[in-house]
Amino acid sequence: MSQATRWYLATTVLLAGLVCWLAANAPAAETESETRISILAIHATNEEKPHIDPALKPLKDALARSGYNSFRLVAKERRAVGTGDTWERPMLEDYALRVIPTEIAEDRVTLTYAWVHYEKDEQGRRIARVLQQVPMTLIKGKYFVSGGWRLKKGALVGAFAAE
Amino acid sequence: MTTMDCDEIRTMLAGYADAELAALEREAVEAHLAHCGRCRALVADQKRVQRVLESYAPPSVPAERWSAMSRRLADELAGREHADLVTQHRLDSLDDLEDESPAEPRETREPAARPRPLRLAASRGPVLKVLGPRAKARRPRFAWVAHAVGAIAAAVLIAVGIATVLRTTDFGLAPDALATQADITIYEIQMLDPGYNLILFAGGPKDIAAVWVEPIETEG
Chain Y
1 MSQATRWYLA TTVLLAGLVC WLAANAPAAE TESETRISIL AIHATNEEKP
51 HIDPALKPLK DALARSGYNS FRLVAKERRA VGTGDTWERP MLEDYALRVI
101 PTEIAEDRVT LTYAWVHYEK DEQGRRIARV LQQVPMTLIK GKYFVSGGWR
151 LKKGALVGAF AAE
Chain P
1 MTTMDCDEIR TMLAGYADAE LAALEREAVE AHLAHCGRCR ALVADQKRVQ
51 RVLESYAPPS VPAERWSAMS RRLADELAGR EHADLVTQHR LDSLDDLEDE
101 SPAEPRETRE PAARPRPLRL AASRGPVLKV LGPRAKARRP RFAWVAHAVG
151 AIAAAVLIAV GIATVLRTTD FGLAPDALAT QADITIYEIQ MLDPGYNLIL
201 FAGGPKDIAA VWVEPIETEG
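Residue numbers (our numbering), protein chains in the order written: chain Y, 1 to 163; chain P, 1 to 220.
Same shape as in the complex, but just chain Y (with noise of 0.2 Å):
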């Protein structure tokens, strides 16, 4: 095989990688009935010497009620999510939150939010269980702060915002 046709080779395979990547990748077209959710993950602790991520320092006060003085940011993710699409954000140890769209107005969004646990059944089969879950609306770009589900060490916290 020449070098030419090696470069060709590369290249084709560079374009084709590119477009499968932009068909992956492409982001869908905003519609009226989309919003985007953000989801923090936040592990809360008791430690001797309490610390907060710097990331979370506006949400200082809501934490400061769960009772813990230690708070560390493990996951941020902002996807577009429509009206009756469900987003479940996997956290920490087999917790989930679930987002669930159900009205999308210019400045508030209606919607359902739900904690759900995964456990196995007596089969041994993976089976998600529902522990809270709260219809309610909230204004766009501000975060709401929910949580204190027991992990091995300390609580899971999770807050999320609509924009």
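The set of hints was computed from the structure by calculation and includes no laboratory data.
The beta-carbon is built from N, C-alpha and C at its ideal position, and this holds for glycine as well.
If a hint is listed, it holds; no wrong ones were tucked in.
Footprint (simulated), chain Y over chain P, 3 or more residues, beta carbon under 8 Å:
hint, region
1, 147 to 160
2, 205 to 214
Here's a subset of chain Y near chain P, in silico, CB distances under 8 Å, partners left out:
hint, residue
3, 18
4, 22
5, 66
6, 130
7, 134
Once you have looked at the hints, place chain P on chain Y.
Below, chain P alone, put in the same frame as chain Y:
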């Protein structure tokens, strides 16, 4: 004279067939051949091959034909864009040249201004191969195009990647606002796990809104 066996005789058969043996050796071989059919057959084969080779005479090519052909090849290489020019078959069919008159204008043509170097490799018979200098000259041009296309594709890929990252990444990890009681309306709270107590912070309109749970400590 001692009788020699087949192995010893066969080392001398080539010389015998070529009549290059001394008298004593030739007598020994002939004495062996007188009673050995297999060695006689070998000698017969060898002589037959020898006759064929002797009868072969390569076709003679006049010197002016060679020079005319070299000029023609030089002209072709200087003026054409063929990548590979292999003249094997051309020279194998020398009859084509018979049709051309030696007094053609080609004979008097000026030599090419910048004759390309020819690398001639002779093998058996009138075989002339011209290796392809054109092919080597063209390759960098293709490589340049391939480099350019690859570089453009890579640049597009990087640009799209950066644009995507810029569009989707929230560089400020800190949430800029926290919902207060005025920002939310909670319609219902369904506690489906009996192992937790619900704590709902609901104060004044400017109080931070949050829904907490607290594990129920079981005794024992």
